[in-house]
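Engineer: Here is how the chains run, residue by residue.
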Amino acid sequence: MRIDAILIHERDNVAVALRDIQENEEIVVGKENGSFQMRASGAIPFGHKFAIRYLEKDEKIIKYGEVIGRTTVAIPLGAHAHVHNIESLRGRGDIKDN
Amino acid sequence: MEFKGYRRDNGRVGTRNYVGVISTVVCANEVAEKISSQVLGTVPFLHQQGCCQTPLDINRVTNVLIGLGSNPNLVSVLLVSLGCESVELEAVVKGLSQTGKCVETVTIQEIGGSARAVAEGLLLAQEMARDASRLERTVCPAGDLILGLKCGSSDTTSGLFSNPALGIASDLLVKAGGTSILGETTEFIGAEHLLAARAKNKAVGEAIIELVRRMEDRAKAVGCDMRGGQPTGGNIKGGLTTIEEKSLGAIAKSGHSPIEAVYEYGVTPEQKGLVVMDSPGREPEILTGLAAAGCNLIVFATGRGAPQGFPFVPVIKITGNRVTWDKLRDHMDVNVSSIMDGTETLPSAGKRIFQEMMEVASGKLTKAEICGYTKAMDIYVVGPVI
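Quick note, the sequences are listed as chains Y and Z, same order.
According to this note's numbering, the first sequence holds residues 1 to 98 in order.
According to this note's numbering, the second sequence holds residues 1001 to 1386 in order.
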């Protein structure tokens, strides 16, 4: 089956678009053993991430099975997840005691 | 697994056979460049360092210049000095004498200006180039390769396809008895625990964590969020959100081999196998660091399409992004977007990269060499210009 996006690791809470995905599109997300369907709640450019479940504010973002950052606001299911709603936890000279 | 290379007197093997015209200080670049541009078979090494820096950095620049001159892809070296710089020409000459290669010098202030320095340099370089042209390639085992690993202008396809494929090629070289060098310390941030877990012993693991702490502290000392600088604006457009995400994709290019040792910037590894070398991720500094560490071949995985090469070490470009492959045909050497299309497996793409490495090591030109995009060079320093 042709997949539109990929979930790299079973622990991940974001998937990666393998093509430009339109708002409200029904998409197939491939994973290690099979695939699942979901709806993109907004446009997702090729190579960008989206939430595969509702993510609360301050929740850790997991990709490759590892922590890659933290949400700065809640991210709805199927929404684009990027610099506008995720912050890095490293190299933060702007935060004291980080 | 073999390739045809230039076996040097000290046993090391070159994949290219150039006369290096190396400037010892930023102020001698003009003369070095003029000499090299007029003599076939020579390459210039130019940089912005060598004077008015802390002793720590002057020492580092001196050692890197010795490392570059010692690289087996250079058969002989012409050093071009201004005369008043902090880097001591004699120290560089002494360091290079241990390689057994012919080393000549031109000092602009001593000889009486740039016109005389260029004229003298041309005559020296012409003789050196003629001597170099008499050498022939012989069959060498793959284990004589010292591979530099690099990724740049990364996007999501880098971590998914081109870096993992390069990791397979790196593992194949390590299995064949070769050496593979992983740099770009900044791009370990957030993934250092995975690298430390692959260290051959506890001390090597701790050294990896310490390198990352040092690099991250340097970035944090500026007092701002490093995002935008790392990951870069281009990385972000390509879908990478944080340095942690970029790092997790970047370290995939080191495959799964154990990490044998950790070295400072530009230091030639004593061990075979996979090793780590401290360096930032920016192209001029890491390509120079890898060349100074003795790399005779570099493979560079890219997503959005990085064109940079180096004057005397061939840099093979691989991409897993089909759009980049189609748009930047004059810069990309190997296309692994077939993995995303599902028409090729990751191990098969890794083997193709390894095959390309053997061919380029034997003399096949890279796209960067063909189009002359070979000027990404500078020495990484840590202190201020004073």
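Please note that a few of the clues may not be correct.
[Said to hold, decoys possible] Derived lysine to aspartate or glutamate pairs resembling EDC-like cross-links, with alpha carbons at most 16 Å apart: (1) Lys96/Y to Asp1225/Z; (2) Lys96/Y to Asp1217/Z; (3) Lys1351/Z to Asp1171/Z; (4) Lys1220/Z to Glu66/Y.
[Claimed, not checked] Rough simulated footprint, nothing fancy, chain Z against chain Y, three-plus residues with beta-carbon under 8 Å: (5) 2-16; (6) 26-34; (7) 50-56; (8) 78-86.
[Unchecked claim] The following label-pair restraints were derived from C-beta to C-beta distances: (9) Lys1364/Z to Asn33/Y: 34 to 42 Å; (10) Arg2/Y to Cys1052/Z: 22 to 30 Å; (11) Gly1223/Z to Glu25/Y: 39 to 47 Å; (12) Gln1355/Z to Glu32/Y: 25 to 33 Å; (13) Asn1201/Z to Glu32/Y: 19 to 27 Å; (14) Arg2/Y to Lys1351/Z: 48 to 56 Å; (15) Glu56/Y to Ile1209/Z: 24 to 32 Å; (16) Arg1322/Z to Glu10/Y: 48 to 56 Å; (17) Gly1233/Z to Glu25/Y: 58 to 66 Å.
Everything labelled a hint here was simulated from the structure, so no lab data went into it.
Glycine included, every Cβ here is placed at the ideal spot set by N, Cα and C.
Engineer: Looking back at the numbered hints, which does the structure fail to meet, lowest number first?
Structural biologist: 4, 6, 7, 10, 13, 14, 16 and 17
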